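Please arrange chain C on chain R, whose structure you already have, making use of the hints.
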Amino acid sequence: MSLATRVGSDRQLARLLQIGIVLEEVVEARAYHHHQSLSAEEQTELDDDIEHLLEHAAEESAEHRQRLEELIDDLEAESVAFEEIEALVDGQYGQTKPEDFDGILYDQLHSEETAYKFYDDLIGAIEGSDAEFGIDRDSLLETLRGIRTEEEEGVREVTEIMEERE
Amino acid sequence: MNTADQYLKAIYVVQRAENGPAATGTLADRLEVSPASVNEMVGKLADRGLVDHEKYKGASLTDEGIVRAREALQTYCIIERFLANVLEVEEFQAEARELESVIDETVADRLDTIIDRRSDCPECFDPESDACEHLDFCIENPAN
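Taken in order, these protein sequences are the chains called R and C.
Position one of the first sequence corresponds to residue 1 (UniProt numbering), numbered consecutively onward.
Position one of the second sequence corresponds to residue 1 (UniProt numbering), numbered consecutively onward.
Okay, chain R solo, but in the shape it has when bound:
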């Protein structure tokens, strides 16, 4: 009855890591856009906590992307250029941009939760597979679990700021 929920080949693994990279790039580009989309007056009003959150989100996503790119390199697959994803985010941002500070926080929470869910599912799919990969399984899982923990912390951080604003 069950349809396979596991990663069975280097190609499939590389593709999923590419998707992880794109998700990180979307977070990074959207965090930048959120900041830039505010008027000068809104930027002055911008809470230090939210400003720090957006900066931290962009930095952390860039760092996660690097860690995923190292794994992809070892699988001899190609990464996805940040500039390309940034252009796509740019092109669609007008239709998906949050309306206010709360909208920005909600978008950020959605990003962190999505990333957490993605890594959690990916780790489960790798653990459920007995395929041999071209990279060391233990270090692959260690890297992904480390990123998942940081995404979980990100969810907590955004939630705390949202609760403080209520």
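Hints may be right or wrong, so weigh each one.
Only part of the chain C face toward chain R is listed, based on derived beta-carbon distances under 7 Å [as the list claims (entries may be wrong)]:
(1) N19
(2) E98
(3) S101
(4) V102
(5) D104
(6) V107
(7) T113
(8) I114
(9) R118
Over 10 Å on every C-beta distance to chain R, these chain C residues come out as not near it, computed from the model [said to hold, decoys possible]:
(10) T3
(11) A23
(12) G25
(13) D52
(14) E54
(15) R68
(16) E71
(17) Q93
(18) T106
(19) R110
(20) D120
(21) C124
(22) E128
(23) D130
(24) H134
(25) L135
Bear in mind the hints are in silico, worked out from the structure with no lab data behind them.
Computed from a predicted structure; not experimentally measured.
From the three backbone atoms N, C-alpha and C, an ideal C-beta is built for every residue, glycine too.
Then chain C, alone, in the frame of chain R:
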């Protein structure tokens, strides 16, 4: 996408293609599982009010099942379009089928923010080609 949603999506696509109930054998071929597995899952979906099952005819989605199936098909369309237009994967249908069980709808929603999907999705899904009929295999052009 979980197993139940993959079944609902398959029933929806087969029903549309055949203009009638989805036969067990057709679903088994499409999902690459045994007919016994299909019968077991269709029974569970029927218990949950998502599918009506008529012996010797096949499975039909209830109204609630159609809503769930359309959401699942939209998730699938996002994965296909993302693979084809962003990652430029030539065999995007085959890879989408491989990846759909690992890609959750929340993840697909985020990927949806960088693709240009039509508002009538999933109406434009063509069961024969197993892809959106408007899908061009090219790099997405960001709107200016």
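*Just double-check C:R110 for me: nearest Cβ-Cβ distance to chain R has to come out over 10 Å.*
5 Å, violated
*Closest CB-CB distance from C:E71 to chain R, is it above 10 Å?*
Holds, since 16 Å exceeds 10 Å.
*Exclusion check [C:A23 not at the chain R interface, CB over 10 Å]*: Holds, since 18 Å exceeds 10 Å.
*At a threshold of 7 Å, is the proposed contact between C:D104 and chain R supported by beta-carbon distances?*
5 Å, holds
*Check the non-interface label on C:L135: least C-beta distance to chain R beyond 10 Å or not.*
16 Å, holds
*Interface hint status, C:E98 versus chain R (Cβ within 7 Å)*: 6 Å, holds
*Interface restraint verdict for C:R118 against chain R (beta-carbon cut-off 7 Å)*: C:R118 check fails; min Cβ-Cβ to chain R is 13 Å, beyond 7 Å.
*Minimum Cβ-Cβ distance from C:T106 to chain R exceeds 10 Å*: 5 Å, violated
*Mind verifying the non-interface call on C:G25? Its CB should be farther than 10 Å from each CB in chain R.*
16 Å, holds
_Restraint outcome when C:V102 is required to lie within 7 Å of chain R by C-beta distance_ = It holds, given that the least Cβ distance between C:V102 and chain R is near 5 Å, below 7 Å.
_Minimum C-beta separation from C:E54 to chain R exceeding 10 Å: can you confirm that?_
Holds: least Cβ distance 20 Å, greater than 10 Å.
_If I take the minimum Cβ distance from C:H134 to any residue of chain R, is it greater than 10 Å?_
The claim stands: C:H134 keeps its Cβ more than 10 Å from every Cβ of chain R (closest is about 17 Å).
Consistency note: the structure conflicts with the earlier hints numbered 1, 9, 10, 18 and 19.
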